[in-house]
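Student: So for the sequence shown, full-length UniProt numbering puts the first residue at 1; every next one is plus one.
Derived by calculation from the structure, the hints in this document are not laboratory data. The beta-carbon is built from N, C-alpha and C at its ideal position, and this holds for glycine as well. You may find that some hints are simply not true.
Stated by the list, open to error - Here are the in silico distance ranges between beta carbons for each label pair:
1. 21 - 107: 16 to 22 Å
2. 37 - 146: 17 to 23 Å
3. 87 - 37: 32 to 38 Å
4. 47 - 108: 19 to 25 Å
5. 101 - 40: 34 to 40 Å
6. 142 - 42: 16 to 22 Å
7. 144 - 68: 17 to 23 Å
8. 149 - 84: 18 to 24 Å
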Amino acid sequence: MLSLNDSGHLELQLVKVSLAEELNAVIESFASTLNARGFTLKQELDPTLEVCCDVTRIRQALLENAYQHADPGTLTVRLNSSADSCYLSVEDQGPGIPAEAAANVFEAFHRVEPSRSRKSGGSGLGLAVVKAIVEAHGGHAICQSTKSGGTIFTLSWPIQLEAK
1 MLSLNDSGHL ELQLVKVSLA EELNAVIESF ASTLNARGFT LKQELDPTLE VCCDVTRIRQ
61 ALLENAYQHA DPGTLTVRLN SSADSCYLSV EDQGPGIPAE AAANVFEAFH RVEPSRSRKS
121 GGSGLGLAVV KAIVEAHGGH AICQSTKSGG TIFTLSWPIQ LEAK
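Modelling step: build the complete structure from the supplied sequences, incorporating the hints.
Tutor: What follows is the structure, given as structure tokens:
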């Protein structure tokens with residue numbers, strides 16, 4: 001998928017959707033698994049926001065990374081907008097990402113904690129795939145530390161997209 005995005009051939013199936021409804025479905029499907037691991041889900045979703053996106057790919061980008069790497073606690077999923085952009089974020093309560101590492105977390109095979117192996121920490125592609133998905137939508141992905149010691153990942157892209 002990364003090489004497809006690099007070559008400009010990551011195909012999107014763009015549709016106009018109520019993204020809050022789609023996100024609710026993802027959150028509901030992950031809820032029991034997340035609860036079993038000690039996570040509590042909090043949602044702040046704008047139910048009136050309709051956006052043009054590839055729903056399957058946006059769903060893919062949502063909760064998996066938090067499930068794999070965050071400490072149990074509250075996961076907050078937010079969906080809001082500005083005049084022309086959609087913002088989707090997932091905030092966790094820890095363990096946080098050092099500021100110097102945050103700039104590189106979306107690079108393929110980058111690991112915040114170098115001691116993690118593929119066996120214990122995944123392939124190192126999760127956030128690179130998230131970045132590829134949001135860039136294919138004409139947007140950006142950012143990672144920031146929170147005041148409480150956690151991390152917030154925010155994806156933004158234009159509300160209205162033209163099919164490529």
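Student: All the hints need checking, so say for each whether the structure fits it.
Tutor: Checked hints:
no. : hint                 : result
1   : 21 - 107: 16 to 22 Å : violated (33 Å)
2   : 37 - 146: 17 to 23 Å : holds (20 Å)
3   : 87 - 37: 32 to 38 Å  : violated (26 Å)
4   : 47 - 108: 19 to 25 Å : violated (35 Å)
5   : 101 - 40: 34 to 40 Å : violated (26 Å)
6   : 142 - 42: 16 to 22 Å : holds (20 Å)
7   : 144 - 68: 17 to 23 Å : holds (19 Å)
8   : 149 - 84: 18 to 24 Å : violated (33 Å)
This entry does not satisfy hints 1, 3, 4, 5, 8, going by the numbered hints stated previously.
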